[in-house]
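J.: Take the sequences, apply the hints, and build the full model.
Going line by line, the protein sequences match chains E and Z. Position one of the first sequence corresponds to residue 1 (the working numbering), numbered consecutively onward. Position one of the second sequence corresponds to residue 1 (the working numbering), numbered consecutively onward.
To be clear, the hints were calculated from the coordinates, so they are not data collected in a lab. All residues carry an ideal CB built from backbone N, CA and C; glycine is no exception. Be a bit skeptical, because a hint or two may be false.
A few chain E residues that don't get close to chain Z, going by computed Cβ distances all over 12 Å [claimed, not checked]:
id, residue
1, T28
2, Q45
3, T134
Just so you have them, the derived chain E footprint on chain Z, three or more residues with Cβ under 8 Å [as the list claims (entries may be wrong)]:
id, stretch
4, 122-136
5, 149-155
6, 198-208
Each chain, letter by letter, is given below.
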Amino acid sequence: MSSIAFEPVSARRRRVDKLARGSVAVLTAAALVPLVLILYYLVKQGIGAISLSFFTTDPTGSFLGDPGGIKSAIVGTVLMVGLAAVVAVPVGVGVAIWLVEFGRGSKLAHAVRYFIDVMTGVPSIVFGLFVYITLVLAGVGGSSFAGWKGSVALGLLMLPIVTRSAEVVLLLVPNALREAAYALGAPRWRTVFRVVLPTALPGIVTGVLLAIARAAGETAPLLFTAAVVNATAFNYNDRMNSLPALIFQNVGQAQDRLVTIAWGAALTLVAMILMLTLIARMIQRRSRLS
Amino acid sequence: MSDPAPNALRRDVTPDQIPSHEPPVAPARPVPRAGAATATQRAARSVTVERLNAWYGDQHSIKDLTLSFAPNRATALIGPSGSGKSTVVRCINRMHEEIPGARASGRILLDDVDVYDTSIDVVAVRRSIGMVFQKPNPFPTMSIFDNVAAGLKLTARKVGHEQVETALRGAGLWEEVKDRLSKPGIGLSGGQQQRLCIARALAVEPDVLLMDEPASALDPISTLKIEELVEELKSRVTIVIVTHNMQQAARVADETAFLLDGELVEVGPTEKIFTNPDDSRTEEYVTGKFG
Chain E
1 MSSIAFEPVS ARRRRVDKLA RGSVAVLTAA ALVPLVLILY YLVKQGIGAI SLSFFTTDPT
61 GSFLGDPGGI KSAIVGTVLM VGLAAVVAVP VGVGVAIWLV EFGRGSKLAH AVRYFIDVMT
121 GVPSIVFGLF VYITLVLAGV GGSSFAGWKG SVALGLLMLP IVTRSAEVVL LLVPNALREA
181 AYALGAPRWR TVFRVVLPTA LPGIVTGVLL AIARAAGETA PLLFTAAVVN ATAFNYNDRM
241 NSLPALIFQN VGQAQDRLVT IAWGAALTLV AMILMLTLIA RMIQRRSRLS
Chain Z
1 MSDPAPNALR RDVTPDQIPS HEPPVAPARP VPRAGAATAT QRAARSVTVE RLNAWYGDQH
61 SIKDLTLSFA PNRATALIGP SGSGKSTVVR CINRMHEEIP GARASGRILL DDVDVYDTSI
121 DVVAVRRSIG MVFQKPNPFP TMSIFDNVAA GLKLTARKVG HEQVETALRG AGLWEEVKDR
181 LSKPGIGLSG GQQQRLCIAR ALAVEPDVLL MDEPASALDP ISTLKIEELV EELKSRVTIV
241 IVTHNMQQAA RVADETAFLL DGELVEVGPT EKIFTNPDDS RTEEYVTGKF G
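T.: Pasting the structure below:
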């Protein structure tokens, strides 16, 4: 019957709204500029170096002649990051399980969580220095620089990332599921492995892949643990090349062909990490927790 | 009967070795319903709560409660929010102690075995006393079949297809899900999920089924199905049902206990509690004057 008379939106409110929307849009665009520029330059500079032989030959170290490819760096990165992940992921997930399922609220858990936070903030070069002093200079394992020492530095770097991300995901698992399992008479450890972990798995995998991506892009921990070499090495006790170290070495050379190699290697590294991230996204989409 | 029962809850005794019981007293209202034909009569156990006190930290939430639940009967716990209904139920299968800072004292007897006795394994207690929660909580990573089988798998026992079918039939869900047992349990509707959780609890073949507001998150049709189910399940288990819905208590329970501020005000046959209670507070509550 009677129509309700709503007051019209005031001109001032409309102006403020427009201003707020506008500034958010501008800031978003500003944030996108460097991201797009990086990718653009990477592809522009790196694409020229890409060829089949680029991936299948080792660097030659020749300054004037044929510079070769980046095979040893790809192999070294995969091997070192792989070993680091194999060790750091179970340990990190284990620590997270303990923090959430067993030690929750205890003093020790608080201390552990605090140290993990500190470790997350430690600059990566410090992990490299630590390994350099304790393993490289001491010549542990009969070698000075070695692939496995690079893995140790990367593993130390990954550990807090894996732990923190896994802890967050485990905390997201509804307590109702744990209670349901306990009420069925399930012991705590079986509840963790049969109910909590499967529920949290997609999220844990995402965190692990992000940690791997982070480690794969690290230069500093590898420079004085695994060194920079040309030849492909499969023995973890040998010096190993890696993509970030190769980029670091080549990009400063006064030789265009070497700089192009560096760009090509950077593009390769970004492509590898992008693939990992895409896998992580696909798994996350399947997550039942979201 | 000499006293072999204390062993019944220990780890090393399988359910088959548990001595059989006296035949149960015939339920006051034996209502055979359509579809109940599969439910076989089975002697369940009684639960006796003696001088139970429970705390959450410093908060004394159950005060000196003594109450018994007859075998193969449904007993409703009613009372306003915070009166301790859920806490009582959670003390019976020792889920109360899973909450940090929570503790309980007193005795809770399953027939004549104290479930709080130090020689009793909490895992065995929970196998004998199943529980259904307020919100349906099927395991999200498991199929319908695996959800029902979970109770057996999580306690390291073998699972056969018949056990799962029996449990699902017992929960009145078999006809609805028999063609999609491998589909995820969380794909079911809320009411179906709750019956799946009931099936999951039944698969372990408990003597007692605790239901903590099992229908409060469900629509009226699903609620009705759960209530019919309670009627059928009495032939096999002793039922303790917490509810804040007094009509529900009146519909499903043989006995009703009224709790207020962690104390038992009154317990008796449901009809008496709702029509002619002894205590004035009970009368005020059931007639809707407070709570």
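J.: Mind verifying the non-interface call on T28 of chain E? Its CB should be farther than 12 Å from each CB in chain Z.
T.: 35 Å, holds
J.: Minimum C-beta separation from T134 of chain E to chain Z exceeding 12 Å: can you confirm that?
T.: 40 Å, holds
J.: Three or more residues of the stretch 149-155 of chain Z near chain E by CB distance under 8 Å?
T.: It holds, with 5 qualifying residues against the three required.
J.: Holds or violated: the stretch 122-136 of chain Z covered by chain E, criterion of 3 or more residues with Cβ-Cβ distance under 8 Å?
T.: Check passed, 9 qualifying residues.
J.: Within the assertion that chain E covers the stretch 198-208 of chain Z, do at least three residues meet a Cβ-to-Cβ distance smaller than 8 Å?
T.: Result for this restraint: holds, n = 3.
J.: Should the label of Q45 of chain E as a non-interface residue stand, given a Cβ cut-off of 12 Å to chain Z?
T.: 46 Å, holds
In this structure, every one of the numbered hints holds.
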